[in-house]
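Residue numbers (our numbering), protein chains in the order written: chain A, 1 to 253; chain B, 1001 to 1253; chain C, 2001 to 2249; chain D, 3001 to 3221; chain E, 4001 to 4221.
Hint data in this document are derived by calculation from the structure and do not stem from the laboratory.
Keep in mind that a hint or two might mislead.
[To be verified] List of simulated lysine to any residue pairs, SDA-like, C-alpha gap at most 20 Å:
1. C:Lys2150 - E:Gly4078
2. C:Lys2188 - D:Arg3064
3. C:Lys2119 - E:Gly4078
4. A:Lys76 - E:Ser4047
[Said to hold, decoys possible] What follows is a list of derived Cβ distance ranges for each label pair:
5. D:Met3046 - B:Thr1062: 30 to 36 Å
6. B:Arg1120 - E:Ala4110: 40 to 46 Å
7. A:Gly244 - E:Ala4110: 28 to 34 Å
Quick reminder that beta carbons are idealized off the backbone N, C-alpha and C, glycines included.
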Amino acid sequence: MSPSNLLSVTGLHKSFGENQVLKGIDFTVHAGEVVALIGPSGSGKTTALRCLNGLEVPQAGTVAFNGGPEVSFSAKTTAKQAQVLRRRSAMVFQGHHLFPHLTVLQNVTVGPLEVQKRERGEVMEQAAKLLERVGLSAKADAYPNSLSGGQQQRVGIVRALMLKPDLLLFDEPTSALDPELVGEVLVVIKELAQEGWSMVLVTHELAFARDVADTVVFMDGGVVVETGPAAKVLGAPSNPRTQGFVQRLLHPF
Amino acid sequence: MSPSNLLSVTGLHKSFGENQVLKGIDFTVHAGEVVALIGPSGSGKTTALRCLNGLEVPQAGTVAFNGGPEVSFSAKTTAKQAQVLRRRSAMVFQGHHLFPHLTVLQNVTVGPLEVQKRERGEVMEQAAKLLERVGLSAKADAYPNSLSGGQQQRVGIVRALMLKPDLLLFDEPTSALDPELVGEVLVVIKELAQEGWSMVLVTHELAFARDVADTVVFMDGGVVVETGPAAKVLGAPSNPRTQGFVQRLLHPF
Amino acid sequence: GGSGSGTDASAKSSEGTSALAKVKDSGVLTVGTEGTYRPFSYHEGSELTGYDVDVVKAVGQKMGVEVKFQETQWDAIFAGLDAGRFDVIANEVGINPQREEKYLFSEPYSVSTGVVVTKSDNTDITSFDSLKGKTTAQSQTSNYYEEAKKAGANVEPVEGWAQAVTLLKQGRVDATINDKLTFLDSQKTNPDDSIKIAAEASEKSESGIAMRKDATDLQKAINDALEQLRADGELAKISEKYFGDDISK
Amino acid sequence: MDSNWQLFLDSLWPLAKGAITATIPLSLISFAIGLAIALLMALMRMSGNKLVSSIARVYISIIRGTPLLVQLFVIFYGMPSIGITIDPWPSAIIAFSLNIGGYAAEIIRAAILSVPAGQWEAGYTVGMSRTRTLFRIILPQAARVSVPPLSNSFISLVKDTSLASLILVTEMFRKAQEITASTYEFMLLYLTAAGLYWIICLVLSGLQNLLEGRLEKYVAK
Amino acid sequence: MDSNWQLFLDSLWPLAKGAITATIPLSLISFAIGLAIALLMALMRMSGNKLVSSIARVYISIIRGTPLLVQLFVIFYGMPSIGITIDPWPSAIIAFSLNIGGYAAEIIRAAILSVPAGQWEAGYTVGMSRTRTLFRIILPQAARVSVPPLSNSFISLVKDTSLASLILVTEMFRKAQEITASTYEFMLLYLTAAGLYWIICLVLSGLQNLLEGRLEKYVAK
Ligand SMILES: Nc1ncnc2c1ncn2[C@@H]1O[C@H](COP(=O)(O)OP(=O)(O)OP(=O)(O)O)[C@@H](O)[C@H]1O
Ligand SMILES: Nc1ncnc2c1ncn2[C@@H]1O[C@H](COP(=O)(O)OP(=O)(O)OP(=O)(O)O)[C@@H](O)[C@H]1O
Ligand SMILES: [Mg+2]
Ligand SMILES: [Mg+2]
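Given only the sequences and the hints, what does the whole structure look like? Please build it.
Structure (structure tokens):
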């Protein structure tokens, strides 16, 4: 592993019953790099991303963080064994999945306080700073249901940041949002990217991917079809499947 | 009413309890015209559209089709009185709302056969033609749950067309769809527009609106802020609220 | 015992027709009974049988009417009589002053003794009086519920004999008071030497056919029939059949 | 032990006969009528008319708040005092139907409310009236959601029919009591009856699963 | 009529006392224990282990498929034959708890399943274990969904406690029967008891509404 590699994914295979969803996925994330994972619906993007967070257990392959943990999967790997990966990464879900019975502040602090057992003062300070940063200081004591979709998704991002992960994982963070609210979330993600956070981003917002991603990984049918710099893969894709997909999204009618 | 006017909407007022949602809406649809209704979330677009189909009963104002029906609303108007409007218009919903317990064919023919009591042979012929037209002949006997989102929405459009309405109403017909499937639905709507169907289209797809709409109506806070040719309102809006909104959607980050 | 209160009723019925006339007109005497109270009213296969059942059948014969049985649980039996669901109850209903306040009774057709049943190894219960402070299991069916209370016992209500004996054998109660006949019959069916009769009541208890307060003419007709059955030995014969003994007087 | 075994075998047929001739038909008929009442009550409860919905509320509250035993008593033993005398079987069916009517009303109401509002509107937009939309569009979908709780009610009803013995209906549990009365073996007989109830309930649960499978496609996804 | 009125007044206090000293505490205690059993059974039923989930299935099926009366009898009259003699009150509490355990297990299972899968994953992603996610994240949300059906079970239980009279527990209905035994005024006493049950149930429904309101925010929207 080269020293600047934060994460190496090699040979991931994952089946659900008969359905082989990942057929050997390889890619690398360097420290500070933004990787966009794109591809048609059903191509396995979500599944691949979830494997990085130990939410899905592949049957073969390796997920290795520089400095550990490193998990080599086999048919016998259990969910418990996969969960060590959560020490380094944190996930932001498409549907935000905030805890509806906890306030915004409780949502973002429950992990650090109750699981990581960090010191209360420090956690509260961090929470205040991050909520401030996404413009939600005033909402700390509100319940998620009283927030707009964009606000909920921003809280979701703070919840992930609070865990101090080395790698942020986003699964279509704006696709469940009202079109007008998409911008406010993309702006936050863009700022995080500019600050040097490492992230893997599954998205259909190709214009956004072109703007913020360093590398684009195009998946189709459970394999990586094309990988390269964002401008190259999205602007002048070499593979015809990539071309068709990009065309369909950028010029739908 | 000028003879080319298909529909005139004047002074629509609608409140839900204390919440005044429409504060006097006026616009006109000419025969063969495509009107796009745009505006921020909560501005009352859906409510206005539903009033045209008698799904919502405003407290004041008039909805008049050329040649009737014409309904003048007051606080006493009942849902029953409003429902005559359905004779001329048909609605395509955001979430398609197909009947899950009926096949595709039953979904599109239940109205003509059981409500309009039209002749079976003619109805079946029309259904076959329209399903063919949206590329779903093969799915006539499938149940909605087995279709993709884009297919479901196309069936929703056929269900509306089967009623032989003079005016088609679309409420964000693609906003619940997978980005890749948006195109196939927009293409169908665009073709209908080119064939000369009259329609009112609530949408956030500004690029699409600019392409297919003749007239754009921009609503905000329950009133019509700006109305005009699509190229004008979307390209060089005169009102600052319109400008802000268009800017936000076209350049989100 | 007997139906001392029968005389003060002026034989007027709510609907203008007397209870007897109703029975005579329809030709049917409807009888409420439990059908689960051996050996008085129970099922042999699917056939309803028992001492009370046979007696009331014979009464019907003498009266020249058909007898129809309605089976219900004790909880509902007086409610059924009140509601006119049946004309009479034949279910070894003990005659006591409380009941006589609300209902009419025929002359008794069954005279028996209440017995205190305990476990065989019990030595401290020897009389009704020694029940004071003890726990007994009684079904509300019988007079014995009241008698146990009178004796100062702590009464646990149960559904019937079988349950009472189970409680007794499990040591959850000290005794149960019931009809001697029930005890004898159960010993005949299920010989069980772990229980015994510990004491016998000095007073006889009498059971009769119960009917509504306004049915004085019906009461008279039934008494007449019982009298005839007594006279021609039929009653004694029925009694012999079930108990090997004449318990009708 | 041997004689217990014999008694068990001997009592199986009488008990099963009680189930076939009374427990099961009583349950089926009452449930069918009860469902109709329940649908009516559910619709009344959802009505915009305050009076109509209050009537349904009170009805449902009384049915659910008072013991079934008392309901049976009132109909069979209480009604004659106001001049209405109803035979045992009709009384039992009336009481059980009214009871199911109260319990199932809430189930049906919840099921109707669980169908997305958009389904009503889709019905309207193809021109259907409220009533037609209800029967053609909403109820078929509500059916799927309501099968599990309704089948619970039905299973409860099967067991509750044992109360009918109080109003002169000879059903399975009454048979068990009859045999108990002459054999004094109540544990054995009650267990046998329980076994038969269990079998009936297992069959019903099996049917429930079948039905749920059939109705699966009726749910909007 | 006057003497009926008098009897009604006279019996109110004994019946209410029966409710306060037996019906209500019996219901409350059994329900609390029953919920714990139900949660365990629901989790077992959802377990990936075939054996564990089968045990729960059979338990639930037997409890729901056999009459409560028989369950009470087995525990009170049947257990001594295998050497276990339990007093009336504990017997009643055991029987009712086991019964609620069976019925509520399915309710709780459905409620847990109704919480979106994403909530589990959100728990995992902030580092929680399965158990912590269950108790900290899932159950609070399942609570809202399960309040209406659980409150139904509770209301049924209140009325079912009348069966405890069969195993020597003197609760409200038994009191009514005792008074009946000396006055023979069935309808009056039963209706009075029914009225008291109804009042208890109305209070419970009121509490249910309060609780539902409180838990409203717990539902993901
Ligand atoms: N838990 C699961 N059980 C069974 N099949 C699954 C599961 N999760 C995903 N799949 C299947 O795996 C395939 C890939 O799914 P995945 O969600 O990874 O695709 P995706 O690329 O994220 O698609 P989309 O763009 O629609 O989100 C699909 O065929 C899907 O049906
Ligand atoms: N049935 C209803 N009852 C009460 N309030 C309603 C109802 N329908 C809509 N509203 C309110 O009316 C306002 C306008 O809603 P409407 O759905 O018409 O907006 P919209 O412009 O379509 O927004 P969006 O772009 O989010 O679809 C909102 O404040 C909404 O909360
Ligand atoms: Mg995905
Ligand atoms: Mg809208």
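Please write out, lowest number first, the hints stated earlier that are contradicted by the structure.
1, 2, 7
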